[in-house]
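Undergrad: One-letter residues, chain by chain:
2 protein chains.
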Amino acid sequence: MTLDAVLARIDDTLPQALDRLMDLMRIPSISTDPAFKADCARAADWLVEDLKSLGFDASARPTPGHPMVVAHGGSGGNHLLFYGHYDVQPVDPLSLWHHDPFDPQIEDTPKGTVLRGRGASDDKGQLMTFIEACRAWKAVHGALPGKLTIFLEGEEESGSPSLIPFLKANAAELKAEVALICDTGLFDSRTPAITTMLRGLLGEEITIRAASRDLHSGMYGGLAQNPIQILTRILAGLHNADGRVMVPGFYDGVTELPDTLRAQWQNLAFDHARFLGDVGLSVPAGEQDRTPLEKIWSRPTAEMNGIWGGYTGDGFKTVLPGEAHAKVSFRLVGSQDPVILRESFRAWVRDQLPADCSVTFKEHGTSPASAMQINHPAFEAARAALTDEWGLSAAYTGAGGSIPVAGYFKTYLGMDAILLGFAKDDDQIHSPNEKYDISSFHKGIRSWARILARLQ
Amino acid sequence: MTLDAVLARIDDTLPQALDRLMDLMRIPSISTDPAFKADCARAADWLVEDLKSLGFDASARPTPGHPMVVAHGGSGGNHLLFYGHYDVQPVDPLSLWHHDPFDPQIEDTPKGTVLRGRGASDDKGQLMTFIEACRAWKAVHGALPGKLTIFLEGEEESGSPSLIPFLKANAAELKAEVALICDTGLFDSRTPAITTMLRGLLGEEITIRAASRDLHSGMYGGLAQNPIQILTRILAGLHNADGRVMVPGFYDGVTELPDTLRAQWQNLAFDHARFLGDVGLSVPAGEQDRTPLEKIWSRPTAEMNGIWGGYTGDGFKTVLPGEAHAKVSFRLVGSQDPVILRESFRAWVRDQLPADCSVTFKEHGTSPASAMQINHPAFEAARAALTDEWGLSAAYTGAGGSIPVAGYFKTYLGMDAILLGFAKDDDQIHSPNEKYDISSFHKGIRSWARILARLQ
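Line by line, the protein sequences give chains A and B. With our numbering applied, the first sequence covers 1 to 456. With our numbering applied, the second sequence covers 1001 to 1456.
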């Protein structure tokens, strides 16, 4: 049976596959920081060359930001589009990394062997599972597993500013029967998952200004407005004591979980004590009347992702600063409208400004929540393939993070997306010492081979 | 008359005096940042050499931090000790400076000619007014104006950690009839002032920790504690809506202004609209039932001097950080005890921590408030000399900033201190583009010559 030959080829060539992934990880493609623009282009070029070596017609397509990689190849069967992203998160605080984030290392840990470095899991390791599956298939069959388009973004970690224009401009080229997105995780280390509910995102940066310059706190303190004080007062009011978000109209469009999913999620027996315990916590925070899985999968949130103002260096400076800043993000569900919420949030902040203070806002992306229509036959095919590989039924889950591309595929290309991936909760994505289990990488490649065999 | 000859000499040699000050300002003696340790030593050595050239027996005296400059010279009359500090504040945000902060420039402005650069006013320009007065006196008389000790600190901007041990260890050497401290300002651009009430200072750095590492806000948000959220909630509660500080016991030991000073301050006709207007503000903040002068001279305050946590760079990072930080300072009056208040503040913060959060504190200095006994005859002599130079009676004022050395001189050397200086409210000390008016420098030197003539 040819699938077995492909799987055997995957097993036999795992070391070479890891070498390729480590090559890609050595390119510091941090999309949010302009200093790494050339590195993003270099990562795109690396992928183009690799895809060409598999017979794809691949190119790096320019955008106002970082390039998109688009590759077409194969023929026959369903036309499938695979999506991943080659950009990575910033690495600060660098001091907490045990080694250079862009010098990936294979490490033995008590939980198994891992590949450690920025992008190992999010998303270079994950996107390479698909490419490696194609490579093994090609080696065995001499051809790709059906008509494939591979579409790799370089701005996923910085709000995807070029994505919608690119999808609109290239809709005919990119539209396929169904999209496959590899940027999510397993349910737990043994149970695969297909993510069918995705939260949306609204990102806002606030700057509160008072005096026209930094002041001496001894000379002006007690008489002049302090923008840090105003900012903390406003942010402190973002949640009430029960964890509810206090922006007016915030819960408009929030839907309750369907009973079938609620029942399925109860059966998943999510171990929140372990989930929190892995990061040194023990008590669920946030909304007090919701289950832990609801909180991270299906409830809207408001989080402060960054705050800064005044003197933040060593020692002490008795400054009363002229401005203070915060980055705040909202996870959205149901039909919450990010554009309306952005205006509600801004008005709510403005209404709280005292005399002599002003505020400006900077937008960092808006995307609505989305829920997949899982009655498309490809969902059950993918689920069956995952079950073959993992020996346990794949769960239909929600996702805490936002993967707006899935919604955009639906809106702009009329195409459903199957989100599946092999990340684990302890992969430390977006954090120092990010890792990807070698078993995730290996079984991930095998999973895609099985899925491609079923979807052909 | 020989005083006239000294004043004429000061007028004639002003350009050379400015050149010397600019030489000293070119040394980036930022005491709070360890990167500038060698520069602090270099500034001390520069002053030692300059004082030796005036006939002082001068040396840089080592401490665990930056050196003290001690110089003895002259004979006869009252033994006077002069204090200033050669260290300066950090310069960030550097981008707001119009030129290199350590490349001083003389500029014509609509309000007069100024010398611009870090330390121009605080305190290199001010301390040099005294040294230049000594230089002119020596040139005219061939001797210094009586028995003088010059004592220059290099850690004033970083909490003076070595000062008390040094005063204790060298009390016999440093004790004089009275101390002269030049680190304060004019009342307004025409009216000189002697500062007789000084607020104390308590500086604290808070670190709130939750998860053991930075988390992905999409994966953990809504379930895990966010230390920025906890920090903003605590800091937002530091003041109530009336501007009162809410730390229990904070107002213990706060005294009301004596009626005589209250009457004098009312006569000063402080123009708070202009004071605030100069920095782009208009409405007095803080305690609603206090006059503006009370707020900045005689009322205790709590100010947030810095805050930071999470992602603060360009773009956006959906991080839920493991920790968040703030620097908070309290200005103290009357008999408020900074050590007791430090413990009250820490307990108040700890009491508000939710589950899974911890806090650590870092001390950044404690000093009590002090009030001078103005019945010492040197006060009236200095006041009369200032009136001679400025043509208006010197005001006895309070000071918003903390100058703990005055209290230490009283406590450890049993010596009163006359605080007078020539800074203006718009000198932008501790801020970008710090300046010192050439007229402040010039009339400051002349003022000291007149004071030394009267105190001899």
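Hints may contain errors.
[Said to hold, decoys possible] Non-contacting residues of chain A with respect to chain B, defined by C-beta distances greater than 10 Å in every case (computed):
hint	residue
1	12
2	90
3	157
4	201
5	214
6	219
7	292
8	301
9	303
10	325
11	412
12	415
13	438
[Claimed, not checked] Computed cross-link-like contacts, EDC-like style, restricted to lysine to aspartate or glutamate with a CA-CA straight-line distance of at most 16 Å:
hint	chain 1	residue 1	chain 2	residue 2
14	A	443	A	45
15	B	1362	A	188
16	B	1443	B	1389
17	A	443	A	363
18	B	1037	A	388
19	A	362	B	1314
20	A	37	B	1389
None of these hints come from the bench; they were simulated from the model. Remember, predicted model here, so these are calculated numbers, not experimental data. Beta carbons: idealized from backbone N, C-alpha and C, even for Gly.
Undergrad: Any Cβ of chain B at or closer than 10 Å to residue 301 (chain A), or is the non-interface label fine?
TA: violated (4 Å)
Undergrad: Check the non-interface label on residue 201 (chain A): least C-beta distance to chain B beyond 10 Å or not.
TA: Residue 201 (chain A) is in fact no farther than 10 Å from some Cβ atom of chain B, at 7 Å.
Undergrad: So residue 90 (chain A) supposedly isn't at the interface. Is its beta-carbon more than 10 Å from every beta-carbon in chain B?
TA: violated (6 Å)
Undergrad: Do the alpha carbons of residue 37 (chain A) and residue 1389 (chain B) lie within 16 Å of each other, as the hint requires?
TA: violated (62 Å)
Undergrad: Is the claim that residue 157 (chain A) lies outside the interface with chain B correct, judged by CB distances over 10 Å?
TA: At roughly 8 Å from the nearest Cβ of chain B, residue 157 (chain A) sits no farther out than 10 Å, so the non-interface label is violated.
Undergrad: Taking the shortest Cβ-to-Cβ distance between residue 325 (chain A) and chain B, state whether it exceeds 10 Å.
TA: violated (7 Å)
Undergrad: Residue 362 (chain A) and residue 1314 (chain B) were given as a pair; does the straight-line alpha-carbon distance stay at or below 16 Å?
TA: OK: residue 362 (chain A) and residue 1314 (chain B) at ~11 Å, within 16 Å.
Undergrad: Does the claim that residue 214 (chain A) lies off the interface hold, with its Cβ farther than 10 Å from every Cβ of chain B?
TA: violated (4 Å)
Undergrad: Is the nearest CB of chain B more than 10 Å from the CB of residue 12 (chain A)?
TA: holds (34 Å)
Undergrad: According to the definition I'm using, a residue is off the interface if its beta carbon is farther than 10 Å from all beta carbons of the partner; does residue 412 (chain A) meet that for chain B?
TA: holds (22 Å)
Undergrad: Would the pair residue 443 (chain A) and residue 363 (chain A) pass a check requiring their Cα atoms to be no farther apart than 16 Å?
TA: violated (39 Å)
Undergrad: According to the definition I'm using, a residue is off the interface if its beta carbon is farther than 10 Å from all beta carbons of the partner; does residue 303 (chain A) meet that for chain B?
TA: violated (4 Å)
Of the hints listed earlier, those the structure fails to meet are numbers 2, 3, 4, 5, 6, 7, 8, 9, 10, 14, 15, 17, 18, 20, in rising order.
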